[in-house]
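Chemist: If you read the sequences in order, they're chains A and B.
For the first sequence, position 93 (counting from the first letter as 1) is numbered 100 according to my numbering, and the numbering increases by one without interruption.
For the second sequence, position 43 (counting from the first letter as 1) is numbered 49 according to my numbering, and the numbering increases by one without interruption.
These are computed hints drawn from the structure, not numbers from a lab.
Given the structure is predicted, the values throughout are model-derived calculations rather than measurements.
Restricting the straight-line Cα-Cα distance to at most 25 Å, the calculated cross-link-like pairs of lysine-lysine (DSS-like) are:
1) K64(A) - K113(B)
2) K77(B) - K62(B)
3) K11(B) - K64(A)
4) K113(B) - K74(B)
5) K11(B) - K77(B)
6) K113(B) - K11(B)
Ranges between beta-carbon positions, derived for each pair:
7) T51(B) - Q48(A): 19 to 29 Å
8) K64(A) - M35(B): 13 to 23 Å
9) N84(A) - S57(B): 33 to 43 Å
10) H78(B) - K64(A): 22 to 32 Å
11) G91(A) - N13(B): 21 to 31 Å
12) H78(B) - K20(A): 33 to 43 Å
Virtual Cβ for every residue (Gly too), placed ideally from N, Cα, C.
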Amino acid sequence: KAGVTQTPRYLIKTRGQQVTLSCSPISGHRSVSWYQQTPGQGLQFLFEYFSETQRNKGNFPGRFSGRQFSNSRSEMNVSTLELGDSALYLCASSSLAPRGETQYFGPGTRLLVL
Amino acid sequence: DQQVKQNSPSLSVQEGRISILNCDYTNSMFDYFLWYKKYPAEGPTFLISISSIKDKNEDGRFTVFLNKSAKHLSLHIVPSQPGDSAVYFCAASAGSGGGADGLTFGKGTHLIIQP
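Build out the structure end to end from the sequences listed, making use of the hints.
Modeler: Encoded structure:
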């Protein structure tokens, strides 16, 4: 079974721009969660989608948004980029309700904001 | 405010010896704890978990200990092997049975196994 894939793997943007990251979950998985990893804050939960609906959201500003399509693929968007948005963005998929043991993470998209 | 703290950014251990990774938490509502392992250029993978009704959970070379009164958990790896070199994240959740929506992560500890 193919794993979670994320595109692009690396991205460089400048302040004020917007960016869209993509995540394809494991086939058959309907839940997709997004996380931000930075050296200062570690891994932080952004939001979780299930069957095209956002079920849970972490403590991030409205500049961070996401969506999920009918095939369970998910995108996250960050508008008006700030230097502090430079991070590794990880996507994880689960078959049903996400559980820590059964979340499968992708390799991440490394975003650098200049 | 960091609710899950891994105070050692890195730890170096000789191959064959015991590796002990520590994690402290402040939220008394946390009732489920997990450890993840992360290699460079890969996403984290689940390693082992423990519910607050237990004080120990073992899986092969990996054992997690939970001290609820001290709000402290530790991961023991015995014996340590070169392939264990990775970043280890401690995570906790409150009332969601380990549900990913409630996971709070620590900043990670980079474990280096010396040959």
